[in-house]
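Those sequence lines, one after another, are chains A and B.
If you're matching positions, the first sequence starts at 935 in this note's numbering and goes up one per residue.
If you're matching positions, the second sequence starts at 28 in this note's numbering and goes up one per residue.
FYI, nobody ran anything at the bench for these hints, they're computed from the structure.
Computed from a prediction, not measured in an experiment: that's the story for all the values here.
Where a beta carbon is used, it is the ideal one built from N, C-alpha and C, also for glycine.
Honestly, I wouldn't trust all of these hints.
Restraint ranges, calculated between C-beta atoms of paired labels, are given here [said to hold, decoys possible]:
| # | chain 1 | residue 1 | chain 2 | residue 2 | range |
| --- | --- | --- | --- | --- | --- |
| 1 | A | P1017 | B | S78 | 39 to 47 Å |
| 2 | B | T72 | A | L1045 | 20 to 28 Å |
| 3 | A | L1047 | B | T53 | 35 to 43 Å |
| 4 | A | E993 | B | H99 | 19 to 27 Å |
| 5 | B | S78 | A | L1045 | 34 to 42 Å |
| 6 | A | T949 | B | G122 | 37 to 45 Å |
| 7 | B | S78 | A | L1047 | 24 to 32 Å |
| 8 | A | L1003 | B | P140 | 41 to 49 Å |
| 9 | B | N34 | A | T1020 | 21 to 29 Å |
| 10 | A | F944 | B | S78 | 20 to 28 Å |
| 11 | A | L1003 | B | K95 | 35 to 43 Å |
| 12 | A | T949 | B | R88 | 44 to 52 Å |
| 13 | B | S101 | A | R1011 | 20 to 28 Å |
| 14 | A | G937 | B | R88 | 22 to 30 Å |
Chain by chain, the residues:
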Amino acid sequence: NAGVTQTPKFQVLKTGQSMTLQCAQDMNHNSMYWYRQDPGMGLRLIYYSASEGTTDKGEVPNGYNVSRLNKREFSLRLESAAPSQTSVYFCASKSSGKKETQYFGPGTRLLVL
Amino acid sequence: DQQVKQNSPSLSVQEGRISILNCDYTNSMFDYFLWYKKYPAEGPTFLISISSIKDKNEDGRFTVFLNKSAKHLSLHIVPSQPGDSAVYFCAGSSGAGSYQLTFGKGTKLSVIP
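Produce the entire structure from the sequences given, and follow the hints as far as they go.
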């Protein structure tokens, strides 16, 4: 099993450009999450999907949209990138239930110039 | 308002000694806590967790202690090994939002050989 995979690993964008970050998991997990990590900061939740067909805002959703394409895939879209969105983005997935842990992907490093 | 605080950005410990990483929280609704470990350029990996009905959980060299009255938890690593050098994140969960996690800013542990 690959676990949680993310593409691309690294991306450079110009201000105003759009892009989609892809995430897929092969663990048959119901819930999926998108976080961003900035220097000196913890991981902050952008959006999450409790189950296929549902999405909800997290702590820092502005400037982002998400799509839960199917049970395996959860994408994050930046419609008009801004320098403030320069960050490392992590996708995670989890089974249902409190004590199940979240499994994280390797991250996507995004630089917006 | 930071709901999870890790007040020590960094910690250096000699190999073989005990490492103690601290975490404070303010959200009384948190009933499950987790520690994640993160190496550079990788996603966080789950280390150990504790439910609020317990005050201690042990897994090999790792022990997490929870003091609910003080809203404080700590991670003990004994004995510390150079491979433990990483950033450690504390996280709390209340069950809301599909058990979304609220992370602290992390503590960078350096274990000196």
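Verification of the supplied hints:
1. At roughly 41 Å, the beta-carbon separation of A:P1017 and B:S78 lies within the given 39 to 47 Å, and the hint holds.
2. Look at B:T72 against A:L1045: about 25 Å separates their beta carbons, and that is inside 20 to 28 Å.
3. A hinted range of 35 to 43 Å for the beta carbons of A:L1047 and B:T53 is consistent with their spacing of about 37 Å.
4. As the Cβ distance of A:E993 to B:H99 is approximately 23 Å, the hint placing it in 19 to 27 Å holds.
5. Taking 34 to 42 Å as the suggested C-beta distance range, the pair B:S78 and A:L1045 conforms, at roughly 40 Å.
6. For A:T949 paired with B:G122, a C-beta distance near 39 Å keeps the hint of 37 to 45 Å intact.
7. For the pair B:S78 and A:L1047, the supplied restraint of 24 to 32 Å is violated, since their beta-carbon distance comes to about 45 Å.
8. A C-beta distance of roughly 47 Å is found between A:L1003 and B:P140, which places it inside the suggested range of 41 to 49 Å.
9. Between B:N34 and A:T1020 the beta carbons are some 26 Å apart, a value that agrees with the proposed interval 21 to 29 Å.
10. About 38 Å separates the C-beta atoms of A:F944 and B:S78, a value inconsistent with the hinted range of 20 to 28 Å.
11. A beta carbon spacing of about 40 Å between A:L1003 and B:K95 agrees with the range 35 to 43 Å that was offered as a hint.
12. Checked against the given bound of 44 to 52 Å, the beta carbons of A:T949 and B:R88, roughly 47 Å apart, stay inside it.
13. One distance hint, 20 to 28 Å for the beta-carbon pair B:S101 and A:R1011, is violated here, with the actual separation near 39 Å.
14. Taken as a hint, the range 22 to 30 Å holds for the pair A:G937 and B:R88, whose Cβ atoms sit roughly 24 Å apart.
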